[in-house]
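Peer 1: The residues making up each chain are set out below.
Protein chains: 2
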Amino acid sequence: MVVEIERKFLVAGDTWREAPAVYFAQGYLSTEKSRTVRVRVAGDEAFLTIKGETQGFSRQEFEYPIPLADGKALLAMCEQPLIEKYRRKIPAANFVWEVDEFLGANAGLVVAEIELPSEDADFPRPDWVGEEVTSDARYYNASLVRHPWSQW
Amino acid sequence: MVVEIERKFLVAGDTWREAPAVYFAQGYLSTEKSRTVRVRVAGDEAFLTIKGETQGFSRQEFEYPIPLADGKALLAMCEQPLIEKYRRKIPAANFVWEVDEFLGANAGLVVAEIELPSEDADFPRPDWVGEEVTSDARYYNASLVRHPWSQW
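Line by line, the protein sequences give chains A and B.
With the numbering used here, letter number 140 in the first sequence gets 188, and the count goes up by one each step, no holes.
With the numbering used here, letter number 90 in the second sequence gets 138, and the count goes up by one each step, no holes.
Please note that a few of the clues may not be correct.
Stated by the list, open to error - Here are the simulated DSS-like cross-link-like pairs (lysine-lysine), alpha carbons at most 25 Å apart as the crow flies: (1) B/K137 <-> A/K81; (2) B/K81 <-> A/K81; (3) A/K120 <-> A/K137; (4) B/K137 <-> B/K120; (5) A/K56 <-> A/K137; (6) A/K120 <-> A/K81; (7) A/K81 <-> A/K56; (8) A/K120 <-> B/K81.
It is worth saying that the hints were derived from the structure and are not from the lab.
Sequences are here, hints too, so could you generate the full structure?
Peer 2: This is how it looks when you write it as structure tokens:
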């Protein structure tokens, strides 16, 4: 188990597109806020991830690698539709921004996340980083399954 | 992933008590029938198990060992109360019966399960094996969380 401290922002401009993209498909076996259970297939890897309730910018996270074939079979058991997105990793100072470009019913939505060592850590903000949405539960991936961005 | 073929019976008599018992604590991150997610601490081992919908006597099962500390932390995130029981393994011919003696709100309930190689496999029925309840969803452990046996 780790405690994940993460902040999330909308994205402006286009320069983030230069980084290489990996296709992610992910779904949820539970979308309950206090115990989300996520199945993710990322390229040729698969993971099972359990997250607790967010408190401030932090939440408990338990992540386990699983066989790719299991990941694909579990995706089919998840609440539909799946979340599909391209992820790009963009280094900045000692941090790595993760930029998610959503597809399907969430196409048009692009968000950037940064993982921090503490809640009050300072971090670089490249010029493509826009408004902060960390506390807006609509942007949770688990929430985007039932309430996709195109329907807001 | 395996397909688990299992039949479940009520238990009569007392001779099954002679087998050694292991204490199990388990809880659910999802109790949805089509995608239950179970956390189990069994003695000093812990497992994360995902099961699909039951069809006949069969269901898909994905089981992953996890660190004991993770198992204990995840139990605290599960829907409460937890399921607590003693499990005994009782060999019979080429099979092993698993006898679960429930505790807490399900105290008094004892069920025996046998895993089979095919839906139509023949199997031994020791004299303490009673009425079959395989198809009665009330006996699902995930269901016993919200509807404990003492309240039926």
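Peer 1: Which of the listed hints are broken here?
Peer 2: The structure breaks only hint 1.
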